[in-house]
Every structure is written in structure tokens, then in C-alpha cells.
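Q: The chain contents come next:
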Amino acid sequence: MNAPVLQIRNLGIDFGGLTAVNNLNMEVHEHEIVGLIGPNGAGKTTVFNMLTKVYDPSRGTILLNGQDIARLDTVAVNKAGVARTFQNIRLFRNLSVLDNVKAGMNNQFVYSIADMLFHTRKRRSNEETIEEEALKLLRIFHLDELKDTEAGSLPYGAQRKLEIARALASEPKLLLLDEPAAGMNPQETEELMDMIRFVRDSFDICILLIEHDMNLVMNICERIYVLNYGMLLAKGSPEEIRSNDKVIKAYLGD
Amino acid sequence: MTFLTYLISGLALGSVYAIIALGYTMVYGIAKMLNFAHGDIIMAGGYAAFYAYTRFGMPAGLAILFSILTCTILGVIIERLAYKPLRQASSLSVLITAIGVSYFLQNSAQLMFGSDTKIFPSILTEGSFRFFDGKLIISYLTLITIFTCIVIMIGLTAFINKTKIGKAMRACAEDKGAAQLMGINIDTTISITFAIGSGLAAIAAVLLCSTYPSLSPTLGSMPGIKAFTAAVFGGIGSIPGALLGGILLGIIENMTKAYLSTQLSDAIVFSVLIIVLLIKPTGLLGKKENVKV
Chain A
-1 MNAPVLQIRN LGIDFGGLTA VNNLNMEVHE HEIVGLIGPN GAGKTTVFNM LTKVYDPSRG
59 TILLNGQDIA RLDTVAVNKA GVARTFQNIR LFRNLSVLDN VKAGMNNQFV YSIADMLFHT
119 RKRRSNEETI EEEALKLLRI FHLDELKDTE AGSLPYGAQR KLEIARALAS EPKLLLLDEP
179 AAGMNPQETE ELMDMIRFVR DSFDICILLI EHDMNLVMNI CERIYVLNYG MLLAKGSPEE
239 IRSNDKVIKA YLGD
Chain B
167 MTFLTYLISG LALGSVYAII ALGYTMVYGI AKMLNFAHGD IIMAGGYAAF YAYTRFGMPA
227 GLAILFSILT CTILGVIIER LAYKPLRQAS SLSVLITAIG VSYFLQNSAQ LMFGSDTKIF
287 PSILTEGSFR FFDGKLIISY LTLITIFTCI VIMIGLTAFI NKTKIGKAMR ACAEDKGAAQ
347 LMGINIDTTI SITFAIGSGL AAIAAVLLCS TYPSLSPTLG SMPGIKAFTA AVFGGIGSIP
407 GALLGGILLG IIENMTKAYL STQLSDAIVF SVLIIVLLIK PTGLLGKKEN VKV
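Just so you know, the protein sequences line up as chains A and B, in that order.
Just so we're aligned: 115 in the working numbering is position 117 of the first sequence, and the numbers increase by one with no gaps anywhere.
Going from the second sequence to the working numbering is simple: count from 1 and add 166.
One should not assume that every hint holds.
Negatives, chain A to chain B, calculated, CB over 12 Å [unchecked claim]:
| hint | residue |
| --- | --- |
| 1 | D12 |
| 2 | K51 |
| 3 | F84 |
| 4 | F139 |
Covered stretches of chain B (chain A as the covering partner; in silico rule of three or more C-beta atoms under 8 Å from a C-beta of chain A) [to be verified]:
| hint | stretch |
| --- | --- |
| 5 | 226 to 233 |
| 6 | 291 to 305 |
Worth flagging that the hints you see were computed from the coordinates, not collected in a lab.
For each residue, glycine too, the CB sits at the ideal point set by N, CA and C.
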């Protein structure tokens, strides 16, 4: 197995008296696509929110390539190499498709206020690089012809693709996809699976995804973690998970 | 011909309102707060230019630059000290703080500069163009004011649409949480917004004080409120809205003064606002989902 990129140790969070996630241990290795599944309310998105520091974990450590990111703030976590998409799409709806991707690149191109004011060569070349990189990303997702469209007016499937493109714009090492196939028809889901694999291979990143579409999960995930009531219920290969009694019980009831 | 004169001077007044309104509308768009101390930044800008020119003996250009710099720094400091700690607080707390900052600035100015009215020197040009045998007189100052407003509008629009920081600002205006997750630093973005708004207030201050050359600690209140009205009138959060609202307000105000009543002009201006808001509560160019910054 490849070296671990993400290591979660004893992660937990309480909201008031309620323990939403507890004692979670997970790993995602280089070049892996890992699934995080579980019944509604199991705490899957809460895990994502802790990984991106939208929530502060109450306990535990999150190691990204050995660096503890559990105490960083959201922006720093993005800089460290974690990017995500959202269950309910959160594009910048009034910005153009191109500008959405450019906004995702904010971290990588630094120029000072002086550069900004005086249109220095550094700034100009920066803006040109940003433009090129953004277009390259859009081409991968076949969104380049829509680059001037307002993101909010794209069809649903295209919005999901754009969110992935925007997340990739910050050059993450770990990409978190929160229900990428939600609301897609079977054919779109099929395309999405190819795209996720393609993204993994061509950007050489690892992917952790939350998904309810079992067809997608079983097809593209190499390993799966099952969460129930905030605790890890099972982990293993798709075959192991499929035949795990506890998992079947959690999903279907006794 | 007098109509044209009033129209043009209304346009100039409206340009100043528009420049000030930009400060309100940008801060509202990004930080979602009404910065009622914005008017008093104008006052600070006026005093800064005044002292730089008369006491420190700076040339006009340098005095204006000094004023812009002072206001920019003041704006950023106010945001950091007074508003940033309240980022998670209710909007009412922020609003009241802003009013508090406004009084603080006015009283500090009174303490430092005295409450007597000072005469603002004509640091921009004097003189005027004459057309039609002197029937139509347009001062250079009027033209400079209108021209400045146009330049600022074009520059700001380009800045917001073309630069990385402009994009960060638009992203923050839409969804701060998502912006943060994309690696955009919200505190920096808000600081830059305050810096730009306050710098523009300084420019407005020089233009305003050159037109009405009396300097007092409360000088910013009325133009501040008018510009706020202009921003709401045009649709708060929208930059073209600030321009449209400012210009319309300036023209309406000047026309009422010329043809109806000087005393009633403010009442009429605000009545127009109320009527517009009754018909279109989001303002002229404000949509529920607008390109906000």
C-alpha cells in the first residue's frame, strides 16, 4: 500500500452535549479513492467539515502528509492541500464559470499591493498564468465553451463538474467530494465515475468521497469506511463491505 | 441655458455622492454591514488635505495623496479595531458600533482641530470655461469632479472584474464560507475593501471641500447620509447602482433647489427615496441576486 496522505486519529466532536463523531480513525493513501458511507445523520459531512476546519474538532489529530492540520484555520488547511465540494452546491453563482475557477486559485498566486497598483510585469504574468491554468482545467471538464456563462445558470450536472474544477484549482493533495452524484441521472453518474478516476490519475491526488449511490461507491472506491451514529461501523474493500452483516443491518434495520 | 447649468452642477454633486456611495455599497456587499462612520472618514480626509496643504506646505498633488493615505489607514484601523471583533455578532451590534465610531471620530476631530469652521483653500484649479457668450459657465472644478468620478468607476470595475483580489471580493460577497474553503482570506479581503472605500472617501472629501470650502468636524454627516441614500436608491451592494443613485440624487437635489425650494430640497430628495423603495424595495439596480461587491 502507498504512503498515507491523510491520517485521522481518534477524531471526535461534541455539539453541546451531543457527540456527533467519536473516536474516528481513518487513512487515505496516495493515489487512492476512498468512500465514506453511512445512513443519514451518521456524521459524514461533519467529518468533512472537521477536515476543512469549518468545525473545530473537540478531540484527535488530523495529519496531512504528517503535518497536523487540526489546529490550522480554514484558509491554511486549503493551502496545506485539502479542497472540497459541497453536498448542496456552493458555487459563486453570479461569477462566470471562468471566474469561479480563478477564485479557487487564489492561494497560489501572490503579488503585493504595489504590484496590484502599478500593473507590474509580475502581476500581468500572474494574471495570464491564472487565465491559462483556469482554461486548462475547464477544458478537462468540457466546460471551456461555457466559460463566460454565469455559474448559477449552468445545468445541474455542469455545476457539479464546475465545483470539482474549482476545488482542483487550488492544487490539492486530497480532494473531498461530498455527494458528487446527488441529483444526477444514471448516465451522468457513469460519466462522473470516469471523471473521478481521470482526475485522480491526471492530477495524481487521492480522493475521499461521501456518496449514497452504492453503484458509484462500489465501482470506484478501493476502500470504504462505514459511519453510523458518529462511530466507525466497518471498513474494508467493497466486497467486504457488501457482505458485512453490521452494515446491512445499519442500512436496512433489523 | 440655466437649466443646463443646474444639470451640470447637479451631475458634479452627484459624482461626489457616487464616489462616497461606493464606499458604503462595497463594504455592505462584502462585509454585510452599514459603515455609518464612512461620512466621518470624509471629514478626516478634508482635514488631512487642509493641514497638509496649509500647515505642512505640501503641493496640491502631494496633499491629496496624503489625504488618501490617511483615510486608507484610518479606514483599515477602524475595521480592525471596531468591526473585526464583531464579525460573528448580530448586525445590530455592528450597526450601533458604527454609529459609535462615527461620534468618536467627530468628537476627536473637535478636540484636535477645534469646532470652529476653517476655510478650505482652493487646492484644485480655479477658473472656468465660458460658452455661448458667457451664458453657460462651467468651472474647471465641476469638470474635474465629473471626470474623476468616471475614472474611478472605470478603474474600480476593471479592478473588480479583472484582478485576483477583485475576484476574491466578489467571491466573499457571495459566500464567505465557500470562499474560505477555496483559500481566500476573508479578513484581508475585508481590509482591502475598507482601504479602497476610505481612499475614495478622501478623494470625495477634496472634491467636496473644494466645492463647499468650509471645514468642520461634522462636515461628513450630511454628505454621508446623502451618499448612503444614493447607495440604497441605486440598490445597495451594486456598484453601477451606486453610480446611478449618486448621479440621480445629485441632479434631483440641485433641480429642487433651483426650481422648487432650497429649504425643502432635502425633504424632497428623501421623499423620492421613500417612493422608489416602496415601488422597488431592492433599489433601482438591486436584484435579489445581483453582482454584488
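Q: Would you mind marking each hint as holding or not holding in the structure?
A: Now the hints, each set against the structure:
A cut-off of 12 Å between C-beta atoms confirms that A/D12 is not in contact with chain B; the least separation is 20 Å. A cut-off of 12 Å between C-beta atoms contradicts the statement that A/K51 is not in contact with chain B; the least separation is 9 Å. The Cβ of A/F84 does not lie farther than 12 Å from every Cβ of chain B; its closest approach is about 7 Å, which violates its non-interface assignment. No beta-carbon of chain B is positioned within 12 Å of the beta-carbon of A/F139; the least distance is around 16 Å.
Counting residues of the stretch 226 to 233 of chain B whose C-beta sits closer than 8 Å to any C-beta of chain A gives 0, which falls short of three, so the coverage hint is violated. Only when three residues or more bring their CB closer than 8 Å to a CB of chain A does the claim for the stretch 291 to 305 of chain B stand; here the count is 0, and the claim is violated.
Hint violations for this structure: numbers 2, 3, 5 and 6, all remaining hints satisfied.
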